[in-house]
Amino acid sequence: MSGLRRTPLHDVHLALGARLVPFAGFEMPVQYRSILEEHAAVRERAGLFDVSHMGQLWLRGPSAIADAERLLSCPVASLKLGRVRYGLLCNEHGGVVDDVTLYRVAGDHVLLCVNASNTAKDRDWIAAHCSAATALRDASDETCLLALQGPASEAILAPLVAFDLSRVRFFAFAETELAGMRVLVSRTGYTHAGGFEIYGQASDARAIWRALSDAGAAHGLAPAGLGARDTLRLEAALPLYGHELDDETTPLEARLERFVKLDAGGFIGAEALRAEREAGPRRALVGFVVEGRGIARAEHALAVAGAEVGRVTSGAPSPTLGKPIGLGYVPPLQAAVGTKLDVMVRGQAVPARVVETPFVRGPH
Amino acid sequence: MAKYEIPDDLYYTREDEWARVERNRVTIGITDYAQQQLGDIVFVELPELGRTLDRGEPFGVVESVKAVADLFAPLTGEVVEVNTGLGEAPDGVNADCYGDGWLVVVQLSDPAELEQLLSPGDYAQHVKDRE
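Quick note, the sequences are listed as chains A and B, same order.
First residue of the first sequence? That's 1 in the working numbering, and the numbers climb one at a time after it.
First residue of the second sequence? That's 365 in the working numbering, and the numbers climb one at a time after it.
Keep in mind that the hints are not guaranteed to be accurate.
[Said to hold, decoys possible] Mimicking SDA-like on lysine to any residue, the simulated pairs with C-alpha atoms at most 25 Å apart in a straight line are:
(1) K323/A with K367/B
(2) K367/B with P22/A
(3) K323/A with V446/B
(4) K367/B with R33/A
No wet-lab data here; the hints were simulated from the structure.
Every value quoted in this text rests on a predicted model; they were computed, and no experiment measured them.
Construct the complete structure from the given sequences, taking the supplied hints into account.
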């Protein structure tokens, strides 16, 4: 797989027998043994993911908070030190440049964790909309990111860190040492299974992975790949950039309005989004369960009475529910829970029904 | 142990189906390489009994958690048996792709078509080329 970048854990994945696939310009493990086994490990015990492909952009300086406030849909100045928020970078039309997590590291210092596929785009977008006084640093190459997810995560991680992990609440973080290495540990994730994300120096990645693997052995920790990450996030109905979100899709269409400070004013895209709220979004993201025989996949048409009304953005068998689930955009009239839709699978109409999301609820 | 099992007594296609020929009856399935590449198989769609498959024609689908794979008929013939048990237990293809995880049996119409299929050695090379 020439031309692809590798994470600092590439050798570890090879040694574990991972199947590697291209993803966002990286050669990434899609599975080690079985997506279903890795998915179950995360729901029932714990899984360890290498997500070092993701980007880390640091903003620092006297104007950094004001700049981030203007760039992000979520409130920034009110974010306390040691806390995390989910937010969107929007363009002037309200379309989503990226969805990110924002860490308040210091009074004048924030970290944005961004999608690997968007790191360069985000860096350019942020640089073009920051004041000269703000220093933008792309630390993606020197940073590793591991996600330890699942109900056993706290029991695995607690003995390795030098402070009381139970004091780190959901969407909070601490800068600490893990087995002697400098890390930032946040109680965040992409699975609705509970757990942590651990940022470290890329040069420490293997030692961090080994420390977690060793500590997790007694708890049934399994290495988990992007395949399980995708089925887990789909059960959690968490959007994936490039599927549910893109430059043409707004947070209101994606039903992410709770992460948008619509009435607080000045961020890029706010005007367009307020106008969209007035007029009503022209489509809405829904979650659906397939009730017939067939599996919904991204790009399948969604139809009502034989007429196409929308498209599936993500679809897969839900290992937890034991039936296929999906996300897709439909007109607001077809978005109510209980609405019957057909998923067009290879020309066949397969019945599905709009349901409440998330499909699987987490501990938070 | 080889990474992928490729039995000596079968014919193969470049699309990773196998064919076991017993007189005019040909049992068809997907190879160990195919099932390993797909991963956990969660859905199998097979043709109805009595349908005639043309060689090379898509005749069904195997889906794993993440991937969808078309099945292509290795040979022309009428479908005389379908492994309906895979409807309820599609992971049977992962468990025993050359045995209980077979897909269909067709009645061979043109034995000359067998010459178009790959030998085990050629198929092993075809797998290696994609590794």
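Taking the hints in turn, this is what the structure says about them:
| no. | hint | result |
| --- | --- | --- |
| 1 | K323/A with K367/B | violated (32 Å) |
| 2 | K367/B with P22/A | holds (22 Å) |
| 3 | K323/A with V446/B | holds (24 Å) |
| 4 | K367/B with R33/A | holds (14 Å) |
Hint 1 from the earlier list is the only one contradicted by this structure; the remaining hints agree with it.
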